[in-house]
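Given chain W, work out where chain Y should sit, using these hints.
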Amino acid sequence: MATIILQAADSSQVSGASSLEVSLGSPAEQLIIFSGIAAPEINVDDADEFVDNEVIVKLGVSVSALESGVSEVALASIENDESRFVFATNMSTLEIDAETAELQLRVHTTICGEGTKLHRFSYQIVAKVSKVASQISGVIRIPQMMVDLVNKTEEEVFAMFRVTANRIQNDGGFERAGAPVAIGKIVGRTFVDGNTVLEYIIDGCPFNTPLRVLVTTTGLAEDLEPRQVRPPLKIVLTKFVPTVGGIDFEIFRVALP
Amino acid sequence: MDIIKTDTPMTTEFIRIPVSGPKPLNTLAYIRCRGGGVFGGPLEYHYRASFVSTFQIAKFDQADLNWHRANSRISAAPFFFQFDTSSDFSFVMAVEDIKPFIDDFGRIGFEVQISQRGDFGGRLFSGTDWIMGAYEVSAYALLYEPRPDPPLPPIPGQSERKLHPEIIPPHFGKPKKKLIITDTFGLAGSSSD
Chain W
1 MATIILQAAD
11 SSQVSGASSL
21 EVSLGSPAEQ
31 LIIFSGIAAP
41 EINVDDADEF
51 VDNEVIVKLG
61 VSVSALESGV
71 SEVALASIEN
81 DESRFVFATN
91 MSTLEIDAET
101 AELQLRVHTT
111 ICGEGTKLHR
121 FSYQIVAKVS
131 KVASQISGVI
141 RIPQMMVDLV
151 NKTEEEVFAM
161 FRVTANRIQN
171 DGGFERAGAP
181 VAIGKIVGRT
191 FVDGNTVLEY
201 IIDGCPFNTP
211 LRVLVTTTGL
221 AEDLEPRQVR
231 PPLKIVLTKF
241 VPTVGGIDFE
251 IFRVALP
Chain Y
1 MDIIKTDTPM
11 TTEFIRIPVS
21 GPKPLNTLAY
31 IRCRGGGVFG
41 GPLEYHYRAS
51 FVSTFQIAKF
61 DQADLNWHRA
71 NSRISAAPFF
81 FQFDTSSDFS
91 FVMAVEDIKP
101 FIDDFGRIGF
111 EVQISQRGDF
121 GGRLFSGTDW
131 IMGAYEVSAY
141 ALLYEPRPDP
151 PLPPIPGQSE
161 RKLHPEIIPP
171 HFGKPKKKLI
181 ITDTFGLAGS
191 SSD
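Chains as they are written, first to last, in the numbering used here: chain W, 1 to 257; chain Y, 1 to 193.
Don't take every hint at face value.
Sample of chain W residues with no beta-carbon within 10 Å of chain Y, all distances over it, derived [as the list claims (entries may be wrong)]: (1) 48; (2) 92; (3) 191; (4) 244.
Ranges of calculated distance between the beta carbons of each label pair, as one might list FRET restraints [said to hold, decoys possible]: (5) W/219 <-> Y/84: 38 to 48 Å; (6) Y/21 <-> W/72: 17 to 27 Å; (7) Y/11 <-> W/151: 43 to 53 Å; (8) W/145 <-> Y/82: 57 to 67 Å; (9) Y/2 <-> W/12: 21 to 31 Å; (10) Y/84 <-> W/24: 40 to 50 Å; (11) Y/16 <-> W/194: 46 to 56 Å; (12) W/1 <-> Y/18: 38 to 48 Å; (13) Y/16 <-> W/187: 25 to 35 Å.
No lab work stands behind these hints: they were computed from the structure.
Ideal Cβ positions, reconstructed from N, Cα and C, are used throughout, including at glycine.
Chain Y extracted, bound-state conformation:
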């Protein structure tokens, strides 16, 4: 079966969600990308479309590729979002199977088995008749991505503030304004609250 490979990453949307495991995996990524390959062309065609998303494992090191491939988990499904024919043809349009992979650069990609068959009386792409289909891939990937360590908590009893605490007295309500009474020459007299 032919493999049609698309080198340019497909348009992709993704989000990363920190998770607590299973250890050592710490990131759940949701990835949605346009499907590679095309519907159209030969009347009967079965092939595998291979393409990558723009999602790349953070701080990926090629020396760790086998580890990532052995331990990462990816669950993916292709979904058609467009079927179209120019007339009442006999046709088959199918995404039969999907296999996710991690490429040499740490990008998540997919190999999708595509089948199409049309009985168009030899008129396909003659300028009047056509068949079109498009799909996207929705995938979840459970991965390990290095994260900066959180700052260490203070050692009990050794914090400068704990050894010499600064006690700030509580302050309730608005501070009262001090009223100063002056005589006609502006000289202050006795004050009263």
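The shape of chain W in the complex, shown without the other chains:
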């Protein structure tokens, strides 16, 4: 049985991924709801043999305890080439990754048939959890002489910047930022010394995982680019060092090719 691992924060692996957190009264306890359409893209070409797979969807939130949780999984995209077929999402379980404390959904699938593909399945999860207090934070400085954000509303400005913590991958000896594992949010805006300063936080980052923070923008000129101005580029959070601050970015003008 093969195991396929998908990241909910990567839209090429899970489309329409969304989550919301609900306060239950006690600050540590939260109800978290996750939805999405996972794309394991499982192919088989045999109408006589059942093929089982295990799909793990990494949900991008680290928790210290999973008190209870329910998940619903169903077919979302299937294909068959004129043969007998089986498509099944047999079983789903919600669990904590023992190494990273990240919440993950494990789904057992079975398919059978000629030219048969289980492209996607939908999931929805309701979990009562205690969250890990892991966090990466910093600021994004935008010189007003490059981009004037004074007359824009906070909502408009916040929508222009997307902050993610991405898992660092090793490709042939070179480390590069891979799929995002946690999505941050902009929590404040101030104007300091001719700069618009946006504060960001990324909550619930996984432990023991090399991470790199990336900032992407929409609505800025092509030659303006956010760059990290304070180290470290590689961040590893642990139970002993659960938070890291001062991962700051600044907008620079770059030469276009």
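Relative to chain W, chain Y alone:
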């Protein structure tokens, strides 16, 4: 990509659950509604089905639409509940993506990307062959809805009852009946318990 819009709200079930936040959001709504759009028709068709549920934000004011869109959170997934073909066709049926939205009237709606492909030898809907599929959307929405304020607690020491308390003595057990003994003429004599 075509957008097929359904103006009539889809059949919906929902419940509202009061929650304590994150502030200022105070309501968690669970919404389940039938999916819009149809499977069938052209042999190959990719389109977005746009439709609304009957769930509407309570006491919605259009002046607050942008606030609701910026602050509300919706998490939704489409689930197939029916696949059907009349014969052994080659086919694809898919709900590829979903985007929830709040419409101009405060109703929660969904835009679902649908794909279908069938190789039916040109016989589709010829009267003998067909393909069918149906799905529903399951969604949670975290919203702000105005609620009546609870009555204020009494100011300590200023309540009329507190200033002049009425003391009611405790009463244990059933009160005893008083027995009256009369003579043959019905005249009461001395009583005894």
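Checklist entry - Which of the stated hints cannot be reconciled with the structure, identified by number in ascending sequence? => result The structure breaks none of the hints.
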